[in-house]
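Residues in the sequence shown are numbered from -7 upward in steps of one, following the working numbering.
The hints are all genuine.
Derived DEER-like restraints, expressed as beta-carbon distance ranges:
1. D253 to D488: 47 to 53 Å
2. M29 to D464: 50 to 56 Å
3. G241 to A187: 30 to 36 Å
4. A403 to G241: 49 to 55 Å
5. G410 to R387: 26 to 32 Å
In case anyone wonders, no lab produced these hints; they're calculated from the structure.
All C-beta atoms, glycine included, are put in the ideal place defined by N, C-alpha and C.
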Amino acid sequence: MFSRSCRTTLTCLALLAVALLFGCAGPAAQLNQPLRMDADGRPDFLANYGLERYFSNLSHRTANSADAADSDILLFVSISGGGKRSAAFGHGALRGLRDVALHPPDGRAISLLNALDYISGVSGGSFPAAHYALYRDRSFETFPSEFLHVDVNAYIWGIYMLPWNWGWVVDPLVGTNDYMAQIYDRLMFHGATFADLARVGRPIVSINATDIVNGTAFPFLGVTFDLLCSDLNSFPIARAVAASNGFPGLFGPITLQSYADRCGGQRPPLATAPVVSPPETEDTSARRRELARVESIYGDPSQTEWVHLLDGGIADNLALRGLLSLFISLQSNAELFNRTALGTRRVLVISIDGEAEAPHALAHQRKMGGLFETLSAASGTQIDAYNFETLALTRVHVEHMAERIRNIRCAQARVVYGHPCGDVRADLVHIALSGITDAAVHERLARIPTGLTIPRHDVDDLVQFGEALVRDNPVIRSVADQADFVPLNAPPPAPDVASR
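Starting from the given sequences, assemble the full structure and let the hints guide the process.
The structure is reproduced here in structure tokens:
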């Protein structure tokens, strides 16, 4: 039996724990805000961040002396999941794009990175994607110190081990990932929202999570939030990144509220059209139908009141399926796509894949190891199989898009901005850890577990090899060498009789 003094001590400790639990303020339960209405009381879809506002930039008619928007390259980059391993590899890949020079006739010193139209990141890849989109060249100086070299796992342990971080235990409206969003904001984003991305301008950035109810990729883009009649501009970047990195079991979901009833069934202008002309491939048509189905679910308040988001790698660990949705949305808008097609000769999609290889060594071991090794092996094997399918599907979509661009150009004129109308090339380049030829280095880096803390020398090697693999890739360099530039404010090429 406890003595009176012992009982008193235990009581005091219990009271202290309760005081710590309830007395320390955790992160507030932040919800997304409703979409603003215009002067006529209609939903202002075009004010939201993303495709609606910046699609016109894809027409390559908005260049200035500081960028390469007037090149005839349409450049898309995706950065895969894979924790800090992929974040470091992706950061290096962006550096590699900066190393590849373009050669405008006026002698400007610009790189292929300046021609970037769209960057997509998922899970670990969302960190370099969002950071670069917000800070641009400054990201190359600050991202390593603000994230890559930081022991983020220590913050995760703190959420579970320190009593003053246990608000998520008693408050059902606050989860562990709300704490991580707060940490990411403090480390990197400093209160920035998607409105800040809008002010910076192109490239468009898509941070991708998974809608765990519908089992689909959920890109943080204006068109997606428009379907929920919600304002993306006011949404913190850190919360989007936290949603994209919400590893199931370790973190709870980031939840969004639907305000679709306020929009009265009106759909944003770039919502997916159920059909398109001319006819598409079977794969493209099937994806279009699926996108239209999910968009109808989001836009129907009787079907969706809340959207629960977890790690984007569940639905698409390469961040490419959101890009396929972009292709479909772009081609759904005939006027916009025609304008874009006339200024495009080269379509380049670069998939930066920092995912580790399947753990084949486990086939020679009696024991699997701990819980995290088991989960990593199981998810990694599934991701590898799914990635192969995603790459094959993306290649089909890229080739189809090139064919449509070719047809539009040749329907306009035989020569478009000084080049034969059929001179259109599309490439999908997959940059992966398997491209590291040094066997010892490759094995060491590929065995890095998926997490948010890795040794500094591994971080630096991942950055170095990501940079080199992009910089020295022959396809990427060939596209850059072949790039041409359209004079600023040049009118569309005049149609000729032979093209009709």
